[in-house]
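A.B. asks: So you can see what is in the structure, the chains are spelled out below.
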Amino acid sequence: MTFTRRKAIIGGIVGGGFLGVGFWFARERDRLGGRTLFNLKPSEAGLNGWVKINRDDSVIVAVPRAEMGQGVQTALAMLVAEEMEARWDQIRIEDPPEDGVYRNIDILVDGLPFSPEEAGTVVDVAHWMAGKLGGVLGVKKVTGAATFGIDVRLPGLLYAAVRNAPTFGGSATAFNLKQGGLPEGVEKVVIVPGGIAAVGKSWWRANKFLDEEVEVQWHAGPEPKLDSTTLWERYAQLLETGEPALTRTSGNESKSEKVQTLTATYRAPYLAHAPMEPMNCTAQIREHEAGKRRLEIWMPNQSPTLMRLAAANAAGLSQAEVTVHTTFLGGGFGRRAEVDLVRQAVTCALALPGRPVQVLWSREEDIRHDVYRPMALARWRADLDTSGPSLKLAGVAKRQVAQSPTDQFPARTIGLPAQGKPEGNAVENPPYAFPAYRLDAIVADGSVPVGFWRSVAPSQGAGYGGEGSWLGHAAAGRVGARPCVASIVRIDRGASLRSRRGRRQDLAGEARHLRHRLRARRQPGDRAGTDGERHYLRPVGRTLWRDHPGRRGGRAGQLPGL
Amino acid sequence: MILLTVNGQARQVDAEPDKPLLWVLREDLNVVGPKFGCGVAACGACTVHIEGQPVRSCAIAVGDVGGKSVITIEGLSGSGGEGGLHAVQRAWIENQVPQCGYCQPGFIMATVALLKVKPKPSDQDIDDALNNICRCGTYSAIRRAVHRAAAILGGAP
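Same order as they appear, the protein sequences are chains A and B. As numbered in the numbering used here, the first sequence has no gaps in its residue numbers, which increase by one up to the final residue, 562. As numbered in the numbering used here, the second sequence has no gaps in its residue numbers, which increase by one up to the final residue, 157.
Please note: incorrect hints may appear among the correct ones.
[Stated by the list, open to error] Straight-line alpha carbon distances no greater than 35 Å define the calculated DSBU-like cross-link-like pairs of lysine-lysine that follow:
hint	chain 1	residue 1	chain 2	residue 2
1	B	LYS68	A	LYS208
2	B	LYS68	A	LYS140
3	A	LYS201	A	LYS178
4	A	LYS188	A	LYS292
5	A	LYS208	A	LYS178
6	A	LYS208	A	LYS225
7	B	LYS120	A	LYS178
8	A	LYS140	B	LYS118
9	A	LYS140	B	LYS116
10	B	LYS68	B	LYS120
11	A	LYS255	A	LYS392
12	A	LYS140	B	LYS19
13	A	LYS41	A	LYS255
14	A	LYS178	A	LYS255
15	A	LYS188	A	LYS201
16	B	LYS68	A	LYS201
17	B	LYS120	A	LYS140
18	A	LYS258	A	LYS140
19	B	LYS116	B	LYS19
20	A	LYS178	A	LYS140
21	A	LYS225	A	LYS41
22	A	LYS225	A	LYS421
23	A	LYS225	A	LYS188
24	A	LYS140	A	LYS41
25	A	LYS225	A	LYS140
26	B	LYS116	A	LYS188
27	B	LYS68	B	LYS116
28	A	LYS201	A	LYS140
29	A	LYS208	A	LYS188
30	B	LYS68	B	LYS19
31	A	LYS201	B	LYS19
32	A	LYS208	B	LYS120
33	A	LYS188	A	LYS178
[To be verified] Cβ-Cβ distance ranges computed for the label pairs, FRET-style:
hint	chain 1	residue 1	chain 2	residue 2	range
34	B	ASP18	A	GLN217	27 to 35 Å
35	B	GLY67	A	HIS219	45 to 53 Å
36	A	ARG368	B	ASP64	43 to 51 Å
FYI, nobody ran anything at the bench for these hints, they're computed from the structure. For glycine and all other residues, C-beta sits at the position ideal for the given N, C-alpha and C.
I would like the entire structure built from these sequences, with the hints used as guidance.
C.D. replies: The structure is reproduced here in structure tokens:
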């Protein structure tokens, strides 16, 4: 038998030898966790909180991340397999216990549910490897055996349908049963945070009951008359006169006097996340000994730590008395980092002690009561230096108005005061190496709840109405007889567009969005995703050519010759 | 009492006749492969076969299914186990189609039905027949997998 690296490590740890100890001391200060942390069984030895090895030579990997289609269980397991030179069939995954080392630090530091830096080579390699190895979830997800939150089944399970307050920030104050009592199959009506729930043996029956038999008195939210027209007017005014909450500049502005300016205004509407699996959460509160209660949560969620905190607060328990089971997520996109469902589920569970209650929203409730991607209004300006033989992009400036999820999220989930700051990441990291860049970010107030969206900042707020579309738009234009495309496209790490009409492109050197577009064009007829960028990323009105007022603007969202 | 056959087994259901089949499957019979997505027959996540026809089970009353045979994703691969997967499920795994996976039971059931009537579907046939919704955007992978499933059913290894 060959002496493998795994055997050396397991021998070292189990036998108390130097290898495991040395490994451990070297890493103690970072986020690996103790080697007994990862629910060790007698046949297992832990390397740290993330990896343990069984005597049968299998390697067990901790995956404390929500699986919602990004393949995180497969990807993390593959990384460990590669590092440990293990065969794919030796690898297993397990949920680790709740511990600080598994927490996503980003969400605590700047409120982002996950890193936006996931584009490019790493993603491509992961796809390639998954193709070679087969995802660890493949079979479950094609046989109906994967348990999503909505599929949780427990003895004595009750289902709760919900109607949320018709105005944002509103609540139910009282209700009246039109038939005078509860029909068979409905056990209780419960006022929950933000709405009202009917709990019974059938969700379908409870949902119908809410529609047909319950009259609710609502307490209106702060802006009960809000409408889109008023909001756009408010934003248009803020775009002209609002005080930027943040101004960011980079690079040096052109000193040339021969600069022509190109501007366009973009607007993006509120969008609902609409994950395929409607919002749900199951909660059960039990007295395990006299006067001592435990709360269990089963939930497709993107932040078990936050769910546990919100559940403990809602139930008046300590966090140690709450267990959160994270199921598969039928889509997350940032919506499932929110705590509204867990609060409603715990409220129902408290009203029916001992019984597990599965709160489920209808699709209509989901669309009406999302934490939306913020609507945004942004004006872009490109300065083109005309002094040389070819046009040169001298600088880009953007002034934008939007609400800030970074502001709202900590306020509504853990009660932190709003900081009045715009969405952070896109502000700090414009995706292109513009020669000069200026951002003026104005943060709008408002009662419409806004939340994170799957690529976080680059697709909303500062990023939205965004760089990619603007560059494509600007590149499609002309100044005089000269096309802008080359000067615009060359800004990114020397990428070149060799032929305006040709399709030969040097993908490796090009900006991310251009690579993306090129790929998209190579699969003609592919349906677009449902994010709505295709429909909404259009400039409002015409591009304004200050020096050539008669000229039509470029074609929005298209690059010529691709 | 309503009698129906689900995945080959005779089942008795004590439910209101206007209760949608989807909720009878999920709540009364503990068959949770068909998913609730919209409740208005728009997304297709709840697709099952009734007498071999693909049907969106959220929009058909169980009273109308009495005496009929219902097949869900759970019943597709027969007894299951190693090698017990349906050709469409195999093609789905080979092409790594699922992302979050929530809509896939509906897509797979719709694909099985499509390939029965069109063993060699064109891209257009696929787009027309599979008008289900996938929020992750797996449509192009689904199309590849449908062609692959057609090939497997046609005798390809």
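A.B. asks: Now tell me, hint by hint, if it's right for this structure.
C.D. replies: So, going through the hints one by one against the coordinates:
Pair hint LYS68 (chain B) plus LYS208 (chain A) holds up; C-alpha atoms about 26 Å apart against a cutoff of 35 Å. Distance restraint check for LYS68 (chain B) and LYS140 (chain A): the Cα-Cα separation of roughly 27 Å lies within the 35 Å cut-off, and the hinted pair is therefore satisfied. Distance check on the hinted pair: LYS201 (chain A) and LYS178 (chain A) sit about 20 Å apart at the alpha-carbon level, within 35 Å; holds. In summary, the hint linking LYS188 (chain A) to LYS292 (chain A) is supported, as the alpha carbons are separated by about 24 Å, within the 35 Å threshold.
With a C-alpha separation of about 13 Å, the suggested pair LYS208 (chain A) and LYS178 (chain A) falls inside the 35 Å cut-off, and the hint holds. For the proposed pair LYS208 (chain A) and LYS225 (chain A), the alpha carbon gap of about 28 Å is at most 35 Å, so the pair holds. Proposed proximity of LYS120 (chain B) and LYS178 (chain A) is contradicted: the alpha carbons are some 56 Å apart, above 35 Å. Taking the CA atoms of LYS140 (chain A) and LYS118 (chain B), the gap is near 27 Å; set against the 35 Å cutoff, the hint holds.
For the given pair, LYS140 (chain A) sits about 24 Å from LYS116 (chain B) by alpha-carbon distance, which is consistent with the 35 Å threshold. For a cut-off of 35 Å, the pair hint linking LYS68 (chain B) to LYS120 (chain B) stands: about 29 Å separates their Cα positions. Proposed proximity of LYS255 (chain A) and LYS392 (chain A) is supported: the alpha carbons are some 13 Å apart, at most 35 Å. A distance of roughly 28 Å separates the Cα atoms of LYS140 (chain A) and LYS19 (chain B); the hinted pair therefore holds under the 35 Å criterion.
Annotation: proposed proximity of LYS41 (chain A) to LYS255 (chain A) is violated, straight-line Cα distance about 69 Å (limit 35 Å). With a CA separation close to 74 Å, the supplied pair LYS178 (chain A) and LYS255 (chain A) exceeds the 35 Å bound. The hinted pair formed by LYS188 (chain A) and LYS201 (chain A) meets the criterion: a straight-line CA distance of about 10 Å does not exceed 35 Å. About 25 Å separates the Cα atoms of LYS68 (chain B) and LYS201 (chain A), which keeps this hinted pair within 35 Å; it holds.
The suggested pairing of LYS120 (chain B) with LYS140 (chain A) holds, with an alpha-carbon distance near 27 Å, which does not exceed 35 Å. With a CA separation close to 63 Å, the supplied pair LYS258 (chain A) and LYS140 (chain A) exceeds the 35 Å bound. Straight-line distance between C-alpha atoms of LYS116 (chain B) and LYS19 (chain B) comes to about 29 Å, which keeps the hinted pair within the 35 Å bound. With a C-alpha separation of about 45 Å, the suggested pair LYS178 (chain A) and LYS140 (chain A) falls outside the 35 Å cut-off, and the hint is violated.
With a C-alpha separation of about 59 Å, the suggested pairing of LYS225 (chain A) with LYS41 (chain A) is violated against the 35 Å cut-off. Straight-line distance between C-alpha atoms of LYS225 (chain A) and LYS421 (chain A) comes to about 26 Å, which keeps the hinted pair within the 35 Å bound. Between LYS225 (chain A) and LYS188 (chain A), the direct Cα distance comes to roughly 32 Å. Compliance with the 35 Å bound is thereby established for this hinted pair. In summary, the hint linking LYS140 (chain A) to LYS41 (chain A) is supported, as the alpha carbons are separated by about 26 Å, within the 35 Å threshold.
For a cut-off of 35 Å, the pair hint linking LYS225 (chain A) to LYS140 (chain A) is broken: about 47 Å separates their Cα positions. In summary, the hint linking LYS116 (chain B) to LYS188 (chain A) is not supported, as the alpha carbons are separated by about 47 Å, beyond the 35 Å threshold. Distance hint between LYS68 (chain B) and LYS116 (chain B) is fulfilled; the C-alpha atoms sit about 19 Å from each other, no more than 35 Å. As the CA atoms of LYS201 (chain A) and LYS140 (chain A) are separated by approximately 28 Å, the hinted pair is consistent with the 35 Å bound.
Pair hint LYS208 (chain A) plus LYS188 (chain A) holds up; C-alpha atoms about 14 Å apart against a cutoff of 35 Å. Annotation: proposed proximity of LYS68 (chain B) to LYS19 (chain B) holds, straight-line Cα distance about 16 Å (limit 35 Å). With a CA separation close to 13 Å, the supplied pair LYS201 (chain A) and LYS19 (chain B) stays within the 35 Å bound. About 43 Å separates the Cα atoms of LYS208 (chain A) and LYS120 (chain B), which puts this hinted pair outside 35 Å; it is violated.
Among the hinted pairs, LYS188 (chain A) with LYS178 (chain A) is consistent with the structure: their alpha-carbon atoms are about 15 Å apart, no more than 35 Å. For the pair ASP18 (chain B) and GLN217 (chain A), the beta carbons lie near 29 Å from each other, so the given range of 27 to 35 Å is met. At about 50 Å, the beta-carbon gap between GLY67 (chain B) and HIS219 (chain A) stays in the expected band of 45 to 53 Å. Checked against the given bound of 43 to 51 Å, the beta carbons of ARG368 (chain A) and ASP64 (chain B), roughly 30 Å apart, lie outside it.
In this structure, the hints that do not hold are numbers 7, 13, 14, 18, 20, 21, 25, 26, 32, 36, in rising order.
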